[in-house]
Amino acid sequence: MEFSPRYQGHRDDLVSIDVRGLERLLGTPRTIAQELRREAADRGARVHVAVAGTRMAALVLALARPGVTVVDPGEEAAALATVHIDILEKLDKIDENDNGDTRAFAALPIVKQWGIRTLGELAALPAPDLAARLGRQGPAWQAIARGEDLHPFVPDVPEERFESSLELEWSIEGLEPLSFVLTRLLEPLAIRLERRDRGAAAFHVSLRLVTKEVHVRRLELPSPMRDVRTLRALALLDLESHPPTAAIDRVTVVIDPTPGRVMQHTLFTRVLPTPEQLSTLLARLGALMGQDRIGAPATVDSYRPGAFEMKPFATDHDNHRGAAPRQLPREYEGATSGPRPLVSVLRRCRQPVPARVAIEGGRPVRITTDRPGFAGGSVVSHAGPWRTSGHWWEGKSRARVNGPGASSGMRSCRGNWNRDEWDVALTDGAVYRIFRDCDAGGWFIDGIVD
Amino acid sequence: MSLAPAHLESLLRTRQLDRTLTTALPPLNPHDEYAIGSTGVTALDAKLGGGFPRGQLSEIVGSRSSGRASLLLRLLAAATARGELVALVDALDMLDVESVAAAGLDLDRLLWIRGHVASHPGLCRDMNQRAMEQAVRALTLVLSAGNFGLVAFDVGEAPADALRRLPFTTWLRLQRMVEGRQTICILVGSEPMARSAAGLTVSLGVRSLDSGFRFRDRLFEGANVEVRVIRARSRLHEEAAVRLTTAVPEGV
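These protein sequence lines map, in sequence, to chains A and B. Note that this note's numbering has the first sequence beginning at 1, numbered continuously upward. Note that this note's numbering has the second sequence beginning at 1, numbered continuously upward.
Source of the hints: derived by calculation from the structure; they are not laboratory data. Note that the coordinates shown come from a computational prediction; the quantities given were computed from them, not determined experimentally. Ideal Cβ positions, reconstructed from N, Cα and C, are used throughout, including at glycine. Each hint should be verified, as a subset may be incorrect.
[Unchecked claim] So the derived label-pair ranges between C-beta atoms look like this:
#, chain 1, residue 1, chain 2, residue 2, range
1, B, H7, A, A287, 45 to 53 Å
2, B, R173, A, S378, 39 to 47 Å
3, A, T368, B, E191, 18 to 26 Å
4, A, T368, B, R216, 20 to 28 Å
5, B, A160, A, R356, 49 to 57 Å
6, A, G395, B, R173, 45 to 53 Å
7, B, D108, A, I359, 38 to 46 Å
8, A, R366, B, E191, 24 to 32 Å
9, B, G180, A, A358, 38 to 46 Å
10, A, R356, B, G180, 37 to 45 Å
11, B, R195, A, I359, 42 to 50 Å
12, A, R366, B, R173, 38 to 46 Å
With the hints as extra help, turn the sequences into a complete structure.
What follows is the structure, encoded as structure tokens:
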């Protein structure tokens, strides 16, 4: 890399370097070769260097001859003529584009039986006859013997690291000054990402504190992005929730790149929030409400009343663009065949409200509670009871045992339940879902029909 | 030279400098899906002029069990069926996910924001007021992000005094945020709260205590509700009532 950015690694012990253009810098090809050898020796490696007009000639000569070998362009065939034919065994799999054309080993003894000893003798054989006897290997070997390249030179691309650091002369405290530093670090990284058609899949913010500790935060991004404002906003929101414990004197940002998203815009579909907008919104909502309070609802495979789970809200809905709009259940489509009912929904009390229920003739006749907003009243109409129970093999549900705070996230899906449910209309003009806990014997309001 | 009030109002209406000062907005094209969001109920759409208007604050009000949540979920389902993203600020965290699924909503397109409301605030009487303000901030964040098809703020079970204690400018600010955008913003409550900031307000009520709720053979089948437009700025004020029925889906 220090000599030329164009290099191709074939094996651990064999590298091709394109040295065209280095004459102005280092001098003649022999000088270049000697400089390479000296540099390698300084690093403890003993190398053999060959410089030629073609890559194949240079490779063969470097393998065949020790020290420094320089061949003028056009003289490759003559230089290779005296090299022993056994060199072909050392050329196995030197090229990732090799389709097995240079595989010598099965046929090399045959060629030796013919009395061929050098690459020059091999190159002098009639090509059609050689191909007829050895197949496509024959012409490939002859090309090698003449020093011709079988495949173009494909330089290795070094892995690029997207990292930026800033040492601060004066330590900073608080997020506001850090915001300016992050912007300064992210802007050149965003430009480099754009040039490489990359987005950030994750990025790391490393803050060296005045106490010599390092405060590191890693953010996984929901989709590849490189917008500086979005990245900065996400980093600041995260640091707001996980602030450093001391002032900062060095800021480092490292980005894990990934191929950018391919987006095709259309004039005929509705605009949706971009992944960047949604990522920022979700981060802000998470900081405000708590990460466990935001997301997309999901049903669970359970008969437990009110069971649900929350999953992260997707930020990339592009795959839905252009798709035909979903059809609502047929009974909700218009009034072409008569008015269709709305679905009667329930408002769930995450923590069922304890109630006092007066029973007559096996049915509730009056319900009261101590909870503000649930005054209760006499029962006008009722439906029930309907028994529901489950998970009898588990203990009591922790949601009821631990009180209001237990089911701040997903409603508890553990513990058994055994209840008789009623739907009752009260004189306060509302319909409630109530239940009697058959095990504990208490009555509760589970929800309100609305 | 002083301008006559009528002349001044005419100038303002022409230049649309401040819509809050005008008494009526130009009628919306009921077939323009970029101006109107269909409710999914044809009879209701016909009375509302195509549906709920975009870029305005609208309200669904009514007493408990009047069908507010049912109508709200229908609106959300219709929006997700159109391919839109929707958000629900559930200030009191009372959404029933089974009901949402039964209403035909695409759950992956619903951003559900669950509020914190303490069942027993105890000595901290301001706790739920703070929770209400937090829910309003969440609503503000969602509206600021933009490009949601429908954003709902559900405070249907919140005490009326908790809503009255919110600054009146709250609703004006929200109305400004949604103005000119493609977002339908719905406030669900027990009484109108947005006042002059509201564009369309519909009131729901059960027809009567005896015939409103349908109980038959140990089953609660649903309710018969009336939907009435009590305020509409984008069209002439019209007293319109639509009769709808709600039905409990199977298995719920």
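Evaluation of the provided hints:
For the pair B/H7 and A/A287, the beta carbons lie near 50 Å from each other, so the given range of 45 to 53 Å is met. Roughly 43 Å separates the CB atoms of B/R173 and A/S378, a value that falls within the hinted 39 to 47 Å. The hinted range of 18 to 26 Å is satisfied by A/T368 and B/E191, whose Cβ atoms lie roughly 25 Å apart. As the Cβ distance of A/T368 to B/R216 is approximately 27 Å, the hint placing it in 20 to 28 Å holds.
Between B/A160 and A/R356 the CB atoms are about 25 Å apart, so this pair departs from the stated range of 49 to 57 Å. Checked against the given bound of 45 to 53 Å, the beta carbons of A/G395 and B/R173, roughly 49 Å apart, stay inside it. A hinted range of 38 to 46 Å for the beta carbons of B/D108 and A/I359 is consistent with their spacing of about 44 Å. At about 27 Å, the beta-carbon gap between A/R366 and B/E191 stays in the expected band of 24 to 32 Å.
Between B/G180 and A/A358 the beta carbons are some 56 Å apart, a value that contradicts the proposed interval 38 to 46 Å. Our hint of 37 to 45 Å for A/R356 and B/G180 is violated, since their Cβ atoms are close to 52 Å apart. In this structure the supplied range 42 to 50 Å holds for B/R195 paired with A/I359, their Cβ-Cβ distance being about 45 Å. In this structure the hint that A/R366 and B/R173 lie 38 to 46 Å apart at CB holds, the actual value being about 45 Å.
Hints 5, 9 and 10 from the earlier list are contradicted by this structure; the remaining hints agree with it.
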